[in-house]
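Once you've looked at the hints, dock chains B and C against the given chain A.
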Amino acid sequence: MINLNNVNVVYPTGTHAMKDVSLDVKDGEFLVIVGKSGAGKSTLLRTLNGLVKATSGSVKVFNKEVTTASKNDLRKIRSNTGMIFQTFNLVTRTTVMNNVLTGRLGEMSPFRGFFSLWSEDDKKIAMQALEEVDISEKAWTRASKLSGGQQQRVGIARALAQQPKLILADEPVASLDPVTSRKVMDYIKKINVELGITTVVNLHFLDLAKDYAERIVGMHDGNIVYDGPISNVSDKDFENIYGGQLTEDDFNDTRKN
Amino acid sequence: MNQSRTIKIFKYSIYILLSVIVIWSSNNLSITWDRFINSFPQIAKILTLMFPPDLSSEMLTRVFIKLEETIWIAWVGTIIGIVFSIPFGYFASSNLFPSFIWGPFKTISVIIRAIPELIIAYILIPVTGLGALTGTLAIGIGTIGTFGKWQSELTEEIEYGQREALMAVGASSIVETRWAVIPQILPSLLSFYIYRFEINIRASAILGLIGAGGIGAELLGQFFYRDYPKAGTVVLITVIVVIIIDQISSKIRNKIIEGQ
Amino acid sequence: MIQEKIKNPNRTKNLQKLGLYSFLIIAITWVGVIRIGFNPRRVDGTWENFLFIVSKFFPDDYFEESGAINWALDVAVDSFIETIQIGLLGSIVACIIAYPICLMSSKLTAPNKIIYGSMRTVLNVLRTLPELFWVIIATTALGFGSFAGLISVIIFITFIIYKLFAETLDALDPGPLEAVRATGATYFTSLIHSVVKEVNPVYFALCIYMIELSIRISAVIGLVGAGGIGQLINVERVYFHWDNVSSIVLAMTLLIVALEILSTNIRTRILR
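Residue numbers (our numbering), protein chains in the order written: chain A, 1 to 257; chain B, 1 to 260; chain C, 1 to 272.
The hints are simulated quantities; they were obtained by calculation from the structure and are not laboratory data.
Be aware that one or more of the hints could be misleading.
Claimed, not checked - In silico DSS-like cross-links for lysine-lysine, where the CA-CA straight-line distance does not exceed 30 angstroms:
1. A:LYS138 <-> C:LYS13
2. B:LYS251 <-> C:LYS17
3. B:LYS251 <-> C:LYS13
In this text the structure is predicted, and so the values were computed from the model without any measurement.
Okay, chain A solo, but in the shape it has when bound:
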């Protein structure tokens, strides 16, 4: 489903965020990418749906080349790729339902999208997505009134509403407290297991990575330094990925909030 081949990303500021990265992801996999902040995890995720343009190398998603895709092709790729953000990125001034419905925008004509002309099907799909994350009773509440965990569940529902083949989650629980983090990670894992949607998750916290991942990829300073099933990972490997001694900050459940 995903093929990265010798991908390099150099930002205009000069930062070399991804260095000769090669990676393959199969259909239905649940992949967790771990690493320190700035290791290149967010960049990698964003090369997959073209939000960040690879400076060199090939990025193939659904067997299509993202780096050279036309505007329309890119839209189609994105429409089939759901993304979940650390900062939720909901449209705060409107209802939860509307937020989830925006997930349908990739498959609607600009005219209908602009004037919110959702079809009955769109609405049904959105409602089902909300039920999938157990938050359908909040459908008509204004998004800004929800707690962090609730907002992220809406974010997941929005991604689901796209009926995607791939879901990318960029540090989805970094802004949430430990208990809520686990609840949200449960939903993300459930979607992968029940609906078979390929999922790539960036995580900063090791205990979460150990508990949810099937396969772990470790990134350090723009390079992939580890790639293997979770059962093979040792604490020494983690230390290498993080480039030194592990601290309290690298574990989710020791957080005070």
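This is chains B and C only, laid out in the frame that chain A set:
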């Protein structure tokens, strides 16, 4: 220590500069201290002649009719400003478009904004004649500049995350704007529209002074005929009406910022 | 079951609100357009009229020896200088006068309740009057010309400063002033050592803005006879010298835009 000395030198040179300007200007404009001091009592005298104002029903009717026209000019002018400024502000946003697009639009907005409405009306008079239409067009054009610049500034301050999410969903750029940009700027923008309406009422009152419709001409006429009480009426009623409208629009603006 | 759930309970209310507001706005605008006398028939000759006037504004010899741009550089410069002087002098004097006035009309810094109350009421009324009102009064009392222009700028800018500055003063933390007063200092001394120090940078930036604003205003008030470049425009218009008019307006626009850029830069640097 050195820093406070430089500040002191800076301060003193500013004072010297200011004094030079004052002396040079007053010389050029032939202003003496005498003339200056005496002007204030002279002005006060005229102000006192304006009260008590002429509150006859004949005068009051005249004033209200002209005030109504003034408000209509401001309203239609503001609407024209809103309608035409939306594309302007859109294309002038530096975070939405490359510089060869937003550059010209922003520049045009800034230039239009810089030209006072009075001048715009002045230039329009030979084209559209004296009267309310000219005033409306002048206010409309001036308002386009203001709204365009304001809208682009609001757009440039929004958080990127919501836009990123819309892009990630596969929405085309106009749809992305509608869902990520517009909800974020709408309350501020609407509030500004209403605020500008208040200002435009004052502006259209003034435009009357050069014949572009509205109450200004009435005021000028009364002064011309030295009928100060009548002039006082014009001022009094105008001030009252403007204050009332200000209050109403403040309430509406607060409701917008809270709720929607 | 899903069918019921996907209906927004607020839907009718939202649509009703939207419909009502749109209808109101369109209806009011419609009435306004009629009331203003916008008549499609009037538009008929307007385009030709417009093109004719534009050709008068920018004739062929615009950039030449005998043309308007050259004329502007010769003759209009004096009027421009006069306008700038009115603006500078007017705003400087206004800044000086307005400072004590503001202090006296703010609850925190007023010497006593009577002064505070009376000044506040008077100021709140007078500050709503637009600049041209003061121009008319000044020209009636003092005759046409740049002197009247200067006085009206001074008066108007003083009120503007009050309007903008009073909020700042009201929002001040009363702590420092009370502390200094508690040491037994007199009215003036206590003000100087607390409020004044804190408030001066803001006032200074405000005054820079006022300078820009008053030059703008001075340019315009000449149109009704208060001297400077506005008066020159008037004269040229009376003689139907449209090309001169347009060259002045062009120059004035450049001036104002340059001013705006300059003052924004200075202001951001002061507030740092």
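Against the structure, the hints come out as follows:
With a CA separation close to 18 angstroms, the supplied pair A:LYS138 and C:LYS13 stays within the 30 angstroms bound. Taken as a hint, the B:LYS251 and C:LYS17 pair is honoured in the structure, with Cα atoms around 18 angstroms apart against an allowance of 30 angstroms. Distance restraint check for B:LYS251 and C:LYS13: the Cα-Cα separation of roughly 22 angstroms lies within the 30 angstroms cut-off, and the hinted pair is therefore satisfied.
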